[in-house]
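The task is simple: from the sequences and hints, build the whole structure.
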Amino acid sequence: MPVAYIPRTRDLYSDFTPYRWVKNESAPFTPLTKPVSECRVAMISSGGIMYRDQPRFHREDASYRRIPIDARPDELSVWHFGYPTGDAERDANCVFPLERMRELEAAGVIGTLVDPAFSFMGGIYSARKVHEELAPQIVDELKRAHADAFFLVPA
Amino acid sequence: MTSALDITRSVKPPRAVFVNFPLGHQTGPPGQPELQRRIVSNAMRAFAAISSPGTIVELPYVWDPNDRSWEDTDYTKGWMPERPSREAADKLEAERQAKFRRD
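If you read the sequences in order, they're chains A and B.
Taking numbering that gives the first Met the number 0, the leading residue of the first sequence gets 0, the next gets one more, and so forth.
Taking numbering that gives the first Met the number 0, the leading residue of the second sequence gets 0, the next gets one more, and so forth.
It is worth saying that the hints were derived from the structure and are not from the lab.
Possibly wrong hints are sitting among the right ones.
[Claimed, not checked] Label pairs and their computed distance ranges (CB to CB): (1) 101(A) <-> 52(B): 14 to 20 Å; (2) 86(B) <-> 10(A): 28 to 34 Å; (3) 136(A) <-> 9(B): 22 to 28 Å; (4) 145(A) <-> 50(B): 20 to 26 Å.
[Stated by the list, open to error] Calculated Cβ distances over 10 Å to all of chain A for the following chain B residues: (5) 30; (6) 46; (7) 56; (8) 59; (9) 64; (10) 65; (11) 66; (12) 84; (13) 86; (14) 90.
Here a beta-carbon is modelled for each residue, glycine too, at the ideal position from N, C-alpha and C.
Next comes the structure, spelled out in structure tokens:
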């Protein structure tokens, strides 16, 4: 049975003002006009991944890190307030499947993996901050990189 | 990707792929590249196949067929490991940064 995370969030943070979930009535949709094997695909993870000496995330941090796609596993670390990061510290591919995406690129399943990949720390209480600060910056990055699509991996 | 069906149904992203794994493992368990690859490649296939806005494709993988107890404890009180103190966390961060600057 899928876990009902909305009531669990209410219980877990019962000392705080109830979180107001984003509730959309419809989904935006841009049809794909070419095969994925010809697309430039970007990867974005909210798992709190950092490359080498990039600074760790702080509470309510709406900044993001640019992770070169040739980063080695031992050059990645994880910092996040909202989930147990032990497994992702052992193997970042749990929430930041960089090695897997590179394999799919090599196998021709996707056209090109956009360099760099992106990560932020998704435990941000303010949806406004995400909507007005973080998301537009990443959208700019994706446009500059001529990305056709992005793969968003939460944690 | 998502492991939180109720949140994804509320937010309604254009296309989504659901896997019923504990938070922190949306593209698979650690050290299991084969399963990770299947999940990521299923996601790419779903991305190409979904033609109706807001579709959520559910993947069939099971975290542990012999133990579903994680579903009762994930994201509940006491589930997060205790965090290091501010001082300990700052020390760890300084060490991490120093290590990469040295390399």
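Evaluated hints:
1. 101(A) <-> 52(B): 14 to 20 Å: Given a distance of about 30 Å, which is not inside 14 to 20 Å, the answer is violated.
2. 86(B) <-> 10(A): 28 to 34 Å: holds, 30 Å
3. 136(A) <-> 9(B): 22 to 28 Å: holds, 24 Å
4. 145(A) <-> 50(B): 20 to 26 Å: With Cβ atoms ~24 Å apart, the hint holds.
5. 30: About 5 Å separates residue 30(B) from the closest Cβ of chain A, which leaves it inside 10 Å; violated.
6. 46: violated, 6 Å
7. 56: holds, 14 Å
8. 59: holds, 13 Å
9. 64: About 14 Å separates residue 64(B) from the closest Cβ of chain A, which puts it past 10 Å; holds.
10. 65: holds, 16 Å
11. 66: holds, 14 Å
12. 84: holds, 15 Å
13. 86: The claim holds: residue 86(B) sits with its nearest Cβ about 15 Å from chain A, beyond 10 Å.
14. 90: holds, 12 Å
Hints 1, 5 and 6 from the earlier list are contradicted by this structure; the remaining hints agree with it.
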